[in-house]
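2 protein chains.
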Amino acid sequence: MPTPTKDRILDVTAELFRRYGYTGTGLKQIVAEANAPFGSLYHHFPGGKQELGAEVIRRSGQMYFELIATIVLAAPDVLTGIADAFTGAAVVLRETDYADACPIATVALEVASTSEPLREATAQVFESWIRGLTEAFVGAGVERDAARRLAISIIEILEGAFLLCRAAKSTEAMEVAGETATAAVRAALAGTARD
Amino acid sequence: MPTPTKDRILDVTAELFRRYGYTGTGLKQIVAEANAPFGSLYHHFPGGKQELGAEVIRRSGQMYFELIATIVLAAPDVLTGIADAFTGAAVVLRETDYADACPIATVALEVASTSEPLREATAQVFESWIRGLTEAFVGAGVERDAARRLAISIIEILEGAFLLCRAAKSTEAMEVAGETATAAVRAALAGTARD
DNA sequence: GTCTATAGAAGGATAGAC
DNA sequence: GTCTATCCTTCTATAGAC
Chain A
1 MPTPTKDRIL DVTAELFRRY GYTGTGLKQI VAEANAPFGS LYHHFPGGKQ
51 ELGAEVIRRS GQMYFELIAT IVLAAPDVLT GIADAFTGAA VVLRETDYAD
101 ACPIATVALE VASTSEPLRE ATAQVFESWI RGLTEAFVGA GVERDAARRL
151 AISIIEILEG AFLLCRAAKS TEAMEVAGET ATAAVRAALA GTARD
Chain B
1 MPTPTKDRIL DVTAELFRRY GYTGTGLKQI VAEANAPFGS LYHHFPGGKQ
51 ELGAEVIRRS GQMYFELIAT IVLAAPDVLT GIADAFTGAA VVLRETDYAD
101 ACPIATVALE VASTSEPLRE ATAQVFESWI RGLTEAFVGA GVERDAARRL
151 AISIIEILEG AFLLCRAAKS TEAMEVAGET ATAAVRAALA GTARD
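Heads up: the protein sequence lines correspond to chains A and B, in order.
Under our numbering, the letters of the first sequence match residues 1 to 195, in that order.
Under our numbering, the letters of the second sequence match residues 1 to 195, in that order.
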């Protein structure tokens with residue numbers, strides 16, 4: 001049986017990072033919400049906040065990818081799957097008062113110019129998302145290079161929408177993003193069907 | 001003659017916010033880099049960090065809008081202007097080691113769930129960008145509703161690209177973003193030409 | 001309007017008992 | 001592995017001399 005304390009710390013930190021960012025989240029805040037003693041944090045993460053941060057970034061990135069993959073794979077086709085993902089993102093934003101958006105975007109921007117290990121962790125997460133989406137589009141018949149560019153575009157649109165929605169406390173930008181994203185997917189699939 | 005100390009504080013803060021974010025920038029760091037005494041900060045900004053932050057957000061937002069407007073207006077047409085803006089963004093990213101991206105994105109995500117006054121300031125900046133771009137597309141013949149959706153999409157793509165580029169320390173995502181953005185503009189203009 | 005000193009809280013990190 | 005106490009630094013903010 002794996003130690004639950006470590007998992008609680010990871011879960012709580014992921015939640016706090018998503019809402020308040022890396023520098024905005026204190027270690028004391030983390031152990032308080034995780035009902036864990038302060039010493040346990042440094043026992044499980046001897047590297048301190050950086051080590052904990054890196055593990056949370058990777059973990060959150062993988063969990064979010066699995067969430068999106070589940071939505072996309074549940075749909076009858078890729079186009080519908082992408083549309084569902086954007087619709088779902090809008091619903092979650094409204095339900096959480098615009099707190100639950102991308103789990104690593106805030107942290108990624110914060111650490112980009114301040115911590116190489118953490119920047120690399122965020123870069124690996126985004127690259128894994130790009131690769132996963134690329135495979136989905138390749139599976140739908142899109143040529144590999146076009147599929148990667150499409151995957152990058154979809155993620156860019158989603159991330160940009162998260163930013164505008166959180167700032168405006170409105171889902172208008174996510175609805176627009178869904179239209180733009182599906183249009184891009186449709187165009188790529190049409191380009192393939194022409195062969 | 002306006003007081004130069006206040007302007008120096010504003011300029012330095014804008015630069016630090018862009019790179020390190022809101023919580024990642026300390027007031028002591030600001031006065032040190034601005035060569036200003038600590039007391040001057042609270043003399044010019046009695047509301048402390050929040051008041052300074054709000055003013056910097058609005059100021060940075062307006063300056064960045066003017067920068068983009070200059071690039072777009074210098075081009076022969078809107079399509080070329082948008083393409084130039086994305087190309088220019090990629091150049092700046094490379095030249096500044098991926099530090100100079102969107103001046104308010106990091107701050108916007110940090111404050112979205114922590115400070116209503118600052119969130120509103122970022123929301124107003126994004127809305128002003130959307131309106132400015134909307135007018136440009138309306139001027140190019142795009143129907144107003146479609147123009148607003150196009151403007152939102154362009155900003156989303158740019159912001160998503162900034163995020164991916166800073167994380168990866170690569171301009172691949174910005175190049176892809178430029179293609180996607182110009183394709184969207186081209187499609188909107190084509191829709192108009194059909195009338 | 002400029003500048004110094006300092007308060008008071010919160011930050012990350014460590015030591016050592018259990 | 002758990003938990004407490006504590007160190008040192010940094011943070012925002014204020015007071016008050018000049």
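Fair warning: there could be bad hints in the mix.
Note: identical chains are not told apart, hence a pair may lie in one copy or across any two.
Computed cross-link-like contacts, DSS-like style, restricted to lysine-lysine with a CA-CA straight-line distance of at most 25 Å [to be verified]:
1) K169 / K28
2) K6 / K169
3) K28 / K49
4) K49 / K169
5) K28 / K6
6) K6 / K49
Simulated from the structure, these hints should not be mistaken for lab results.
>> Run through the hints listed earlier and report the numbers of any the structure violates, in increasing order.
In response: Failing hints, ascending: 1, 2.
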